[in-house]
Amino acid sequence: MHIDYKLRGTTLTASLHGEIDHHTAAIARSEIDMEIDRVKATGLNLDLSDISFCDSSGLGLVMGRLKKMKAGGGSAVVVNPSERVEKVLTLAGIDTLMPIKKEERK
Amino acid sequence: MSISPLNRFKAEFPAKSINEGYARMVAAAFVSQLDPTVADLADIKTAVSEAVTNCIVHAYRDKTDYCPIYITGAYYPDGKTVITVRDKGCGIEDISKAVTPLYTTDTGGERSGMGFTIMESFCDKMTVSSRVGKGTTVRLVKKIVRPQS
Ligand SMILES: Nc1ncnc2c1ncn2[C@@H]1O[C@H](COP(=O)(O)OP(=O)(O)OP(=O)(O)O)[C@@H](O)[C@H]1O
Ligand SMILES: [Mg+2]
Numbered sequence: 001m002h003i004d005y006k007l008r009g010t011t012l013t014a015s016l017h018g019e020i021d022h023h024t025a026a027i028a029r030s031e032i033d034m035e036i037d038r039v040k041a042t043g044l045n046l047d048l049s050d051i052s053f054c055d056s057s058g059l060g061l062v063m064g065r066l067k068k069m070k071a072g073g074g075s076a077v078v079v080n081p082s083e084r085v086e087k088v089l090t091l092a093g094i095d096t097l098m099p100i101k102k103e104e105r106k
Numbered sequence: 001m002s003i004s005p006l007n008r009f010k011a012e013f014p015a016k017s018i019n020e021g022y023a024r025m026v027a028a029a030f031v032s033q034l035d036p037t038v039a040d041l042a043d044i045k046t047a048v049s050e051a052v053t054n055c056i057v058h059a060y061r062d063k064t065d066y067c068p069i070y071i072t073g074a075y076y077p078d079g080k081t082v083i084t085v086r087d088k089g090c091g092i093e094d095i096s097k098a099v100t101p102l103y104t105t106d107t108g109g110e111r112s113g114m115g116f117t118i119m120e121s122f123c124d125k126m127t128v129s130s131r132v133g134k135g136t137t138v139r140l141v142k143k144i145v146r147p148q149s
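Each protein sequence line maps, in turn, to chains A and B.
Counted from 1, the first sequence has number 69 at position 69 by the numbering used here; the numbering is strictly sequential.
Counted from 1, the second sequence has number 15 at position 15 by the numbering used here; the numbering is strictly sequential.
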């Protein structure tokens, strides 16, 4: 798992690469939260287009970041999950809590 | 009369989170012998990951000594594949409550109570047997058949 970041205004895009399970989610969680706080982001885009595996820990990771952003008056969006990743996320109805955006790949 | 499996495997490893990936790979390598679809293989990997994570996060939550996880696999001539994941942890008091979607006993972490629901929906059948203080076994069944092209 590795993550890279892009900041546009106060919207932070975190692009996650690799596999999300309980082991990697714990690392990603503290890393992303640190970056959110560092840049004082008000919006968070979680780009999951390069996630090759995701289980319920990924669901927890996304929900947790949404909670954190909302607590600070901000918002969070999931961007470009694969069909596979989306299946795991929507099983718990995450799509009713936050937008799942699908963008054209550049 | 019971039909014997065409092939089987057994693995044991300590309940460390780094082994979640290992467990998925072992199960995937075994099931790959059946030439599964990409979707079926992903289903197996996800279900195994859920079961193994539960051993690490829940079963052995208060233990510090050696915490073994046992995983077995078998497949049959008709493609029926059975994977079991067993721990010697705390056990589950109320199984029907535990498997309810969104039910979790985890408060500090970021668990959402969807593990069993994911196992159920990604496999044909999931059964949980457990004894408090003894441990838990999750049995995952999925038929792997390559669609004729
Ligand atoms: N191997 C186990 N040993 C003891 N308790 C377990 C075990 N597996 C599951 N449980 C109990 O069952 C509950 C539900 O498990 P489930 O996997 O559905 O959700 P979760 O692990 O809490 O959250 P998630 O899997 O979504 O991250 C757990 O919170 C835990 O109390
Ligand atoms: Mg779980």
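Do not take every clue at face value.
Stated by the list, open to error - Okay, derived cross-link-like pairs now, PhoX-like style, lysine-lysine, Cα gap no bigger than 25 Å in a straight line:
| id | chain 1 | residue 1 | chain 2 | residue 2 |
| --- | --- | --- | --- | --- |
| 1 | A | K87 | B | K10 |
| 2 | A | K87 | B | K63 |
| 3 | A | K67 | A | K40 |
| 4 | B | K88 | A | K87 |
| 5 | A | K101 | A | K6 |
| 6 | B | K134 | A | K87 |
| 7 | B | K63 | B | K80 |
| 8 | B | K134 | B | K16 |
| 9 | B | K134 | B | K80 |
No lab work stands behind these hints, which were simulated from the structure alone.
Cross-check of the supplied hints:
no., hint, verdict
1, K87(A) <-> K10(B), "violated (30 Å)"
2, K87(A) <-> K63(B), "violated (34 Å)"
3, K67(A) <-> K40(A), "holds (15 Å)"
4, K88(B) <-> K87(A), "violated (31 Å)"
5, K101(A) <-> K6(A), "holds (17 Å)"
6, K134(B) <-> K87(A), "violated (34 Å)"
7, K63(B) <-> K80(B), "violated (35 Å)"
8, K134(B) <-> K16(B), "holds (19 Å)"
9, K134(B) <-> K80(B), "violated (29 Å)"
Checked against the numbered hints listed earlier, the structure breaks hints 1, 2, 4, 6, 7 and 9; every other hint is satisfied.
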